[in-house]
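Keeping the supplied structure of chain A fixed, place chains B, C, D, E, F, G and H with the ligands upon it in accordance with the hints.
Residue numbers (this note's numbering), protein chains in the order written: chain A, 552 to 658; chain B, 552 to 658; chain C, 17 to 268; chain D, 17 to 268; chain E, 583 to 764; chain F, 583 to 764; chain G, 107 to 485; chain H, 107 to 485.
It is worth saying that the hints were derived from the structure and are not from the lab.
Where is the CB? At the ideal position from N, CA and C, for every residue including glycine.
Treat the hints with care, as some may be off.
What the hints assert, rightly or not - Simulated restraints on C-beta separations:
1) H:E379 with G:K355: 32 to 38 Å
2) C:E255 with E:T738: 39 to 45 Å
3) F:S664 with H:D322: 54 to 60 Å
4) G:I163 with C:E255: 32 to 38 Å
5) H:E162 with C:K208: 23 to 29 Å
6) F:S664 with G:A345: 23 to 29 Å
Stated by the list, open to error - Here chain G is said to cover these stretches of chain D; the calculated rule only asks that three of the stretch's residues, wherever they fall, bring their Cβ under 8 Å from a Cβ of chain G:
7) 81-87
8) 100-107
9) 120-130
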Amino acid sequence: MMTKECKKETAPKIKRKTLSVKARKKGFSPVEYGLLKEEAIKEAEHCLGLRECESCEICSLLCPDLCITRDEKTGEVLIDLDYCKGCGICASVCPKGAIEMALEEGK
Amino acid sequence: MMTKECKKETAPKIKRKTLSVKARKKGFSPVEYGLLKEEAIKEAEHCLGLRECESCEICSLLCPDLCITRDEKTGEVLIDLDYCKGCGICASVCPKGAIEMALEEGK
Amino acid sequence: MVRALEKYIRPGVKSTPFCPGCGHGILMGLILRAIDDLKMDMKKMLFVSGIGCAAWIPSPHYNGDTLHTLHGRALAFATGAKLYNPDLCVMVVSGDGDLSSIGGNHLIHAARRDIDLKVICANNMIYGMTGGQAASTTPRGSKTSTTGEGNPYRPFDLCKLVEGAGATYVSRFSVTQPISLIQSIKKALLHKGFSFIEALSPCPTQFGRRNLLERPEDMIKDLIRRCILEEEAEGLTEEERAEKIITGEFLS
Amino acid sequence: MVRALEKYIRPGVKSTPFCPGCGHGILMGLILRAIDDLKMDMKKMLFVSGIGCAAWIPSPHYNGDTLHTLHGRALAFATGAKLYNPDLCVMVVSGDGDLSSIGGNHLIHAARRDIDLKVICANNMIYGMTGGQAASTTPRGSKTSTTGEGNPYRPFDLCKLVEGAGATYVSRFSVTQPISLIQSIKKALLHKGFSFIEALSPCPTQFGRRNLLERPEDMIKDLIRRCILEEEAEGLTEEERAEKIITGEFLS
Amino acid sequence: MTGIKQVRLSGFGGQGVVLAGLLLGQAGVFDGKYISGSNSYGAQARGSGCKSEIVFSDGPVDFPHLTTADILIAMSQGAYNSYCGDVREESGLILYDQGLVTPKENLRVRHLGIPATDVSVKRLKNKQAANIVFLGVLIEATRIVSPGAIRKAISTHVSERFRSLNLKALRTGMELGRKAHG
Amino acid sequence: MTGIKQVRLSGFGGQGVVLAGLLLGQAGVFDGKYISGSNSYGAQARGSGCKSEIVFSDGPVDFPHLTTADILIAMSQGAYNSYCGDVREESGLILYDQGLVTPKENLRVRHLGIPATDVSVKRLKNKQAANIVFLGVLIEATRIVSPGAIRKAISTHVSERFRSLNLKALRTGMELGRKAHG
Amino acid sequence: MASRWVKSPFPKGTYYFSGNEAAAEGAIAAGCRFYAGYPITPSSELMERMAVRLNEIGGVFIQMEDEIASISAVIGASWAGARAMTATSGPGFSLMQESIGYAAFTETPCVIIDVQRAGPCTGQATKVGSGDIMQAKWGSHGDYQVIALSPWSSQEMYDLTLRAFNLSEQYRVPAMVMADEAIGHLRETIRVAAKVEVWDRKKKKGGAPFDIEGEDGVPPMPSFGEGERLSVTGSTHDAYGFRKTDDPKAHARLVERINKKILNHKRSIIETEDYLLEDAEMAVVAYGFTARTSLYAVKRMRKDGTKVGMLRLKTLWPFPDEAVAEIGKKVKKIIVPEMNLGQVAGEVKKYVPCDVISLSQTNGEVIQPDTIMEMLRKI
Amino acid sequence: MASRWVKSPFPKGTYYFSGNEAAAEGAIAAGCRFYAGYPITPSSELMERMAVRLNEIGGVFIQMEDEIASISAVIGASWAGARAMTATSGPGFSLMQESIGYAAFTETPCVIIDVQRAGPCTGQATKVGSGDIMQAKWGSHGDYQVIALSPWSSQEMYDLTLRAFNLSEQYRVPAMVMADEAIGHLRETIRVAAKVEVWDRKKKKGGAPFDIEGEDGVPPMPSFGEGERLSVTGSTHDAYGFRKTDDPKAHARLVERINKKILNHKRSIIETEDYLLEDAEMAVVAYGFTARTSLYAVKRMRKDGTKVGMLRLKTLWPFPDEAVAEIGKKVKKIIVPEMNLGQVAGEVKKYVPCDVISLSQTNGEVIQPDTIMEMLRKI
Ligand SMILES: Cc1ncc(C[n+]2csc(CCOP(=O)(O)OP(=O)(O)O)c2C)c(N)n1
Ligand SMILES: Cc1ncc(C[n+]2csc(CCOP(=O)(O)OP(=O)(O)O)c2C)c(N)n1
Ligand code: SF4
Ligand code: SF4
Ligand code: SF4
Ligand code: SF4
Ligand code: SF4
Ligand code: SF4
Ligand SMILES: [Mg+2]
Ligand SMILES: [Mg+2]
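Bound-form chain A, shown alone:
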C-alpha cells in the first residue's frame, strides 16, 4: 500500500484517521476506492522537501482528490491527507522528486 512520508505534517495521526473515515462515510461510495482499504491509511506521511519543491504546482494540478494547495502567502505546497487516497500520482509527476511515497504495512 502506498502512502507518503512528510516530516512537516504535524496534525495528530489519530485525528487524521478519524476525519478520513468520516469523510468516506459521509460521501457516497458505490464506486469504491479500489486499492484503498479500511486499515490501510493508518499512517500517511508526506514529504515536501522545500529545498527541492519549486512550487510549480504540477502535483496540485494532477492530484485527483484536490488534496494539494499552495499557501498563497508562503508559496508553500501543502497536502491535505484527509482526502489523499495515496494514488502516487503527485510523487510520480513531480519534476523535482520532492514527494516520496512510502510503503506502509497494514496495522
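For chains B, C, D, E, F, G and H with the ligands alone, coordinates are given in the frame of chain A:
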C-alpha cells in the same frame, strides 16, 4: 390532371381502368396518391413518336413506377398504363420530347 | 405487358404506395438495376428498412427477404442478421429521418464497426410519411409543417457524418443521376465493409408543395439543376455553391 | 487545511467517489480551475451529466446546479434546460460510453443544431462504472471484460465524429496536459455554440489493470508519453504514429 | 335524440370534402350549436373514398360519430354508392352532383340533383369550388346553418386568396338551392 | 434445519474474502453438498466491509442467505465487530486473525485466534495468502469440507501462477489448525 | 403552492377545434411554454399547432431527434422552470418509458399526451386503439405513480390537458393525457373561458427539494439558475438530492413517498362521472371515446326499460378504485367496453365482487353503440 | 415443431455457479448462439460469460451501442436463424420495450433476461428489487403476450433460461427470465445433465409464416436466406407478411391470435409448485428469491402449528390465474410477499374472493424470513 397521349396504345380502355383500380386495392395505401383521384385516370394515352424516341431509356430510369420498358427485340419503348400514376416525369425528362402529357378532364 | 424488372418484384405486389412522382419509386428501380447488372442472387439478399415512405422501397416490393422494422432501428436489426449469417448480402434502404434522426446512433456505430452492410439512405430532406415535418436533413430556411417560418437549424451533411464515424465507402447521388447512382450502388454491393450511399430522392407531396416546387417534374428539374460533381463545384463562388448539392464518391 | 478549489465544492461533499488515481478526479479539478480563472458565476451554471463514473464529476461535487440524468441522455436534458433558459451557462460533463455509445445520437444532433452547450467528454476508453466492458472508444486490440481476446472493432475518433456532425469548437487534450486542457475549457466556456472537448482521463481500475498498466502512475506516465500535438505528429512514421494520441484544438 | 341532425359529405380526395365539412361544422358552432365532426384522414383523405361527417345538436352530443345520415351530399358515384343506403328513410335528403352521379331509383329518400361541378367549372371557372356550391344549396334547402355563419366560417378558414371565389360559390349554390328547392 | 452449516467469512476488500468463499463453496459442491453462497459485491467487495457467506446443506436449501452463522472467520477488527454478535451461541465458532483482531470477552462462542496474516507474510512471503491459511485452519478444525475437495477447488479457480502458493498456504493453515484445535 | 386565475391566452369564445388542436390550446392556457416532440401519427397535428402557437407567444418549440430526446428535453426544461410537455403515440410512448420513470423519481412536473393508435408495434398507424392504458402505469421499471386522464371530447382535450398541467405542478409528477385517435381527430365545439385556473409550483428558498415532513408530502421545487444550487439525480437520494445508493432506509422512504404522495391524495385527483346509476342493475364502466358510445347505448337501453347506468372514468391513474367498488356493490354485472383486450376490465375485477364482462374490440375502429347494446341485451 | 434431446455442451456434472453464470450456461445448452447486449449492473457477469463462451464454441457475441440496439440485433439474428438472447436490468429493460412489442407482434423467438435491481429509475443499482414484473407484461404499447419465468435458485437460472428458449421457439414469442440481483449473484450447486431437451422452430417450405388455421395457432418460421423470400413487418400483416394497415379484420385477427396463441396454451406454459397447502388456512403466494424466504418461513410456522402453505409461481406471465383461484377457494387469507409495492398481489386479487395481503418491501434488500413470519403471526 395530367395523363398522356399515345396513339400506339391499343389495350381497351375499360380493361386498363379496371386493372388499375384493382391494382390499387390489392396494394397497400396508407400513403396515397396525392394528386391521383378515383375518377381521374379515365382515359390515359401515351404518345411515343418513334421518329423522335432514341431509346435512350432515360424515361425508363426515372419512372417511379417501373412502367416503362424497352422491348428487347424491337427496341421500342413501352409504357404500362396499369401502373402509371401520371406524374409527368417521363415527359419532362425525355430529351426528344417524345412523350406528351395531355390534360384530361374528369369523367 | 410487364413492368420493368418485374422478376425482382415480389409476386402479388401491385402498384407502389408512393405518391405520383415520388423519388422513392425511381430509387426503387435503380437499386434493382444495380442488382440485375451484378446478377445478385435474390435468395441470399436481405433488405432491411425502418419506418417511413422510404422504408417501403424494399418492403414488400423486393422479391428477396425483406425485414421492415421499427422507426430508426433498421441498422441494429441488420447487424444482428448479418453477424449471425454472414452469407447474407444485407442491404439497408431507409429514409433520412429513419437513418439519421431517430436512427442516428445505430448509423454511426455500424459505420464505426465497419460491418459489411450496404446502406442506402433515401434522402428527401423531410419526414414524408408523417406529413412533412422537418428532418435533420432539411435545409436551413426550408418550410415544413413544424417550421412554418423556415427551419432554424443546419442540416447534417450525412456523408461527412458517416465518414467521421468510420464508414469505408461513402457517396452521394441524386435519383436524377441514375447512371452514376446505379454505378455507386454496384460498388457498394461489391465493397466489403460499411457502405453508405446518400440517394437524394424528391418528395413532391410534402417537401415540394411547401417549397414552391408544385409538381413532381419541378422537383426533378430542380435536382437536375442543383446536383453537381465535386469537380464542377470548384470554379463556383460561395453563393453559387450554397445553392448546389455536391454529389460524387467521397470515400471508396 | 482546505482542499484546493473548496469554494466550488458543494458543502457536505467529502471525498470523491473515484478510485485512487482516477483521471476523472484530475479533470474535476481542471474544470474548476477554468471556471475559477474566468470568474464564472456558479449560480448561473448548470452541469448536466449522464450515468457512469465520469457523470459523477459534476454531480454532486460542483456547487452550482447539477443535473444527473439517465445513461446517455445528458445532452437531451441539457438541450431542454438551455433552450428554455438561455441565461444558464450549461456544461455537460460525462463519460465516453455515456456520450458516444448509448448517447451518440444526442451528441451528433446537439452538434448539428450548434446549441450553446459546453460538452466535456471524460474519455477513459472503457466503461468504468459497470466493470470494464469495451466502449466505442476502446482501442482495437485492448482487453476489456467483454473482449478478452482484444477488442475487434475500431474506436471512434470522437473529435472527427462531432466535427462531421457540425460542432463549432472541437479539441482533445489529456488530463496529463493540464494547462492546455484548462485553456481549452476556457475557450469552450467563451465560445458561443456547441463546444466539444475530449478529455482523456485514465481509469486505472478497469482499463489499466487489464492492459498492463498496473498502477495509477503507470497510466499517467503512459498518457504523458503518448499524447502529442498535431504538429509533433508530422515527422512520425505510420507505426510511431499509431501508438500516439494526437491532441490539440481541431476546430475553434 | 331530437334536435340532432347528421350530415355526411362525401366524394373523392381533392374535391374539398374535408374543407366543406370544416366550414359547415364551424358555421354550426357560430350558430351556437353543439357540433361533432370527423372526417377521413391520412390515406383516405387523399385517396379515393373521402368523407366528412358532422353531427349537429342543441345539446351535448353523446356518440359523436354519425349513426344514420339525415343528409348526404354525394360528389362522386363511388361515394353515392357507398353511402346512399345509409340515409334516414322518409325524412332524409340526398344532394348529389348531377354531372357525376346517377342516382338509384328505388330509394325512399328525397333526392336533389345539383349540377355543382358543372356550374363551378362554367360559371366560376374553377372545378374546385363545387364543394362550396354544395354548401350553398344545402343551406338554402335546409337552413341547417345560417348564411351569415357560413360566411363567417369561410372568412375564418379560407385564405384570403380564395375567399371571394368561395363566397361567390356560396351565393351560386344558394341560388341553385332556391331553384331546386323552391 | 439439521444438516445445515452456515459460514461467514469477513474482512476488508482486497483480503481475498470473496475468493476464499468461492473456494469453500466449490469444495462443498465437490463434496456433494448443497451450497448457497453469496457475497458483497460492487462497492462493498472493494470497500471496507467485505463478506462472503456460504450455507452448507445435505438437501436443498430453503432460504439461501445466512441467518445465523455457525462459523465466523474475521480477518479484520471491523468485520469482527460487525458480525461477532451474530454467531450461534454455544455451538458456534469464531476464527479470527490474531494479529489484526482483538476479540471481545463476553461472548459465549468458542474463539480460535489464528496468526494468519502474520504467518502468511513471514512464512509465505505474501500477505495475500492469509485467506487461504484461514481455509486450512477451518478445514482442519471443522472438516466442513474435505481437504481433497478444497485442493480441487483451488486448481479449478486459481490461476496457475498462484496455485502452488495457495496450496502451500492451505497446508500451512491446516498445520496451524491442527495445533490450535488439537 | 397555490392556484391562481389568469386571463386565457386565447380569446374567450366558442371554437371548432379538433382534439389535437384543443389539447395544444389547453396546454398554452395552462402556461405551457416549452414543447419538445417528434412527429408520429396520429398526434402530429398537436405538435404542429404547438410549433405555431409557441412561436406566436414566445415559448420554445423544438423538434428533437427522437422521443427519448423529446421527453428528456421536457424534463430538463421543467427543471429550468418551464411548464413543459410532449405528445406522441404508442411507439414513441414506449421509447419514453425510461425517462418517464426519471420524471416520477425526481418528481419533475411534465405532461405527456399519448394519442393512442391501433397497436401493438407499428400496427395500424392511422387507426384507433386504446391499448396503452396499462403501459401508462407500468411502462417503466420499478414502482412509481403517474396521473393519467382520459378525455372523451375535444373540449376535454382542452380541459384535461390544462388539468394535467395543474396536477403535474401541484404533485410534481408526470401527468398523462391518454387520448386516442378518434378523440384527437374529433372536431367539436369548444368553449374557452375568459379566465383559467393555473397551478404554480411551490417554491421555498433553501427548502429541501426532495423530502418533506410527512410521508406523502410534495416538496417545494426551485428551478435552475435561482441560486439554489440544486442537485437533481435519478439515483436514490436524500432530501437535498445527495445520492444514497447504499442506504436501505433512504430507498424505502423515497419509493414510498413518491407513491403515497399520489395515492394518499387520490380523492382530490380522481374524477368520475355517474350516469343513470341510481337504480341500475347493470353498469357500464367506460372511458375515453368509448364512454361517449356507452352513454349513447345506455340511454337507448333505458328507453327500452333496461336498468343500466354508466360510470365514466375521467381519471385512469390513480385508478378510481373506490368509485368502482361502490358500483360493484350496487349492480349485478359490470360491462367494460374497451378498444383493447380488457385492460381496465382487469383493474375493475380487483375491486368488485360482481361479474365483470370485458367487451373488447381491437380492429382499429371505434366501438359502435350497437355493439354495446347487443352485449347489454345478451347478458 | 418438436423437441429433441441433445448432448449438453457443458460436461455433465455438478458445478458451483452464480445465477448469472448459470443462466449463460442454460442459454448455451438451449442452443443459444447469438448474444447482443449492453452492460448494466447487476447483469453484466452474464454478458461477460456469454462473451467468453460464445467465443469458445463459435457463436456470435456483440456488445451493441445500447439496449435498443441489443434487442433489435437479437430479433434480426433470430430471423436469420439464431436462438438469440440479451440480458439487462431495469433501465435497459425500459429501453427495450418498443422492440419487445415488435418481437411479440412479428412472433420472433428471443429470450430476455432481466436481472432486476432496486428501482425505479437509476435507484440503487447494486441492490435487489423485483419491480419490473408488471412491466414485463405491460411495458410496450398495445395488447400482446409474453412468457415470463421466475427463477428462485441458480439451478433455475440454468433450467428456466433453457426453458425460456424452448418456450420461445415453440410459441414464437419473446420469453423473459425475470431474475433479481439476489438470484443473479447467488452461487449454488448446479447440476448439468448429460442431455438436454431443446425445441426446434417449426419449418414448412412455403408455409404461411404469419397465420395458421385455428385462431391460436403457431405458424412455421423460416429463416432469412432459405429462399423463402420472407416479408417481415411490424405493421399489421396477413399470413404472408403483406402489410394490411387499413383492414379491420386483419388487425383484429392478428392481435387476437398473438394473444390467444399464448393464453390458450397457458396450461402447458404455466408451472407452479404447491408446498404444504393440503390443509392450509393461510397461503403465501411467492416467486423469485422471495419464494425461498417464504418457504423457509412457512416451514418454521408449520413447526409452531400454524396451518400455512405456499404456492410458488414459477411462471409469472401468462399469470397462473387457475392455480391462484384454486388456492383462493381453500384458504382464508393469502399473503403475497414481494420486493415491490404489491405488483403480483394486485394480480392475485383479480382471481380470489378471500383477503389478499400485500407484504411489500422496497428498500433494496431481500425480505428476511422473520419479516414474513411476523406478518403470518399478525394476521
Ligand atoms: C418511434 C416512432 N416514432 C415516430 C414514428 C412516426 N414516423 C413514421 S415514419 C416517420 C418519418 C419518416 O421519415 P423518413 O425516414 O425520412 O422517411 P420518408 O417518409 O421521408 O421517406 C416518423 C416520424 C414511428 N413510426 N415510430
Ligand atoms: C440504460 C442503461 N444502460 C446501462 C446502464 C449501466 N451503466 C451505468 S454507467 C455505464 C457505463 C459508463 O461508462 P462511461 O460513460 O464511459 O463512464 P465511466 O464509468 O467510464 O466514467 C453503464 C453501461 C445504465 N445505467 N442505464
Ligand atoms: S510538483 Fe513537485 S516541485 Fe512542483 S509543486 Fe509539486 S512538489 Fe513542488
Ligand atoms: S496525487 Fe494521489 S497520492 Fe498525491 S496527494 Fe493526491 S491523492 Fe494523495
Ligand atoms: S426518354 Fe424519350 S427518347 Fe429516351 S427512351 Fe424515353 S421516350 Fe425515348
Ligand atoms: S407519367 Fe410518371 S408514372 Fe407514368 S409513365 Fe411517366 S414517369 Fe412513369
Ligand atoms: S409523401 Fe413524399 S416521400 Fe412519401 S410517398 Fe409521397 S412523395 Fe414519396
Ligand atoms: S472505475 Fe475507473 S473511471 Fe471509475 S472511478 Fe475507478 S478508476 Fe475512475
Ligand atoms: Mg425523409
Ligand atoms: Mg468511460
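Results of checking the hints against the structure:
1. H:E379 with G:K355: 32 to 38 Å: For E379 (chain H) and K355 (chain G) the Cβ distance comes to about 34 Å; the hint holds.
2. C:E255 with E:T738: 39 to 45 Å: Holds: the Cβ-Cβ distance is about 42 Å, inside 39 to 45 Å.
3. F:S664 with H:D322: 54 to 60 Å: For S664 (chain F) and D322 (chain H) the Cβ distance comes to about 56 Å; the hint holds.
4. G:I163 with C:E255: 32 to 38 Å: The hint (32 to 38 Å, Cβ to Cβ) holds, given that I163 (chain G) and E255 (chain C) are roughly 36 Å apart.
5. H:E162 with C:K208: 23 to 29 Å: holds (27 Å)
6. F:S664 with G:A345: 23 to 29 Å: Roughly 28 Å apart at Cβ, these two residues keep to the hinted range, so it holds.
7. 81-87: holds (count 6)
8. 100-107: holds (count 4)
9. 120-130: With 3 residues in contact (Cβ-Cβ under 8 Å with chain G), the coverage given for the segment 120-130 of chain D holds.
When each numbered hint is compared with the structure, no violation occurs for any of them.
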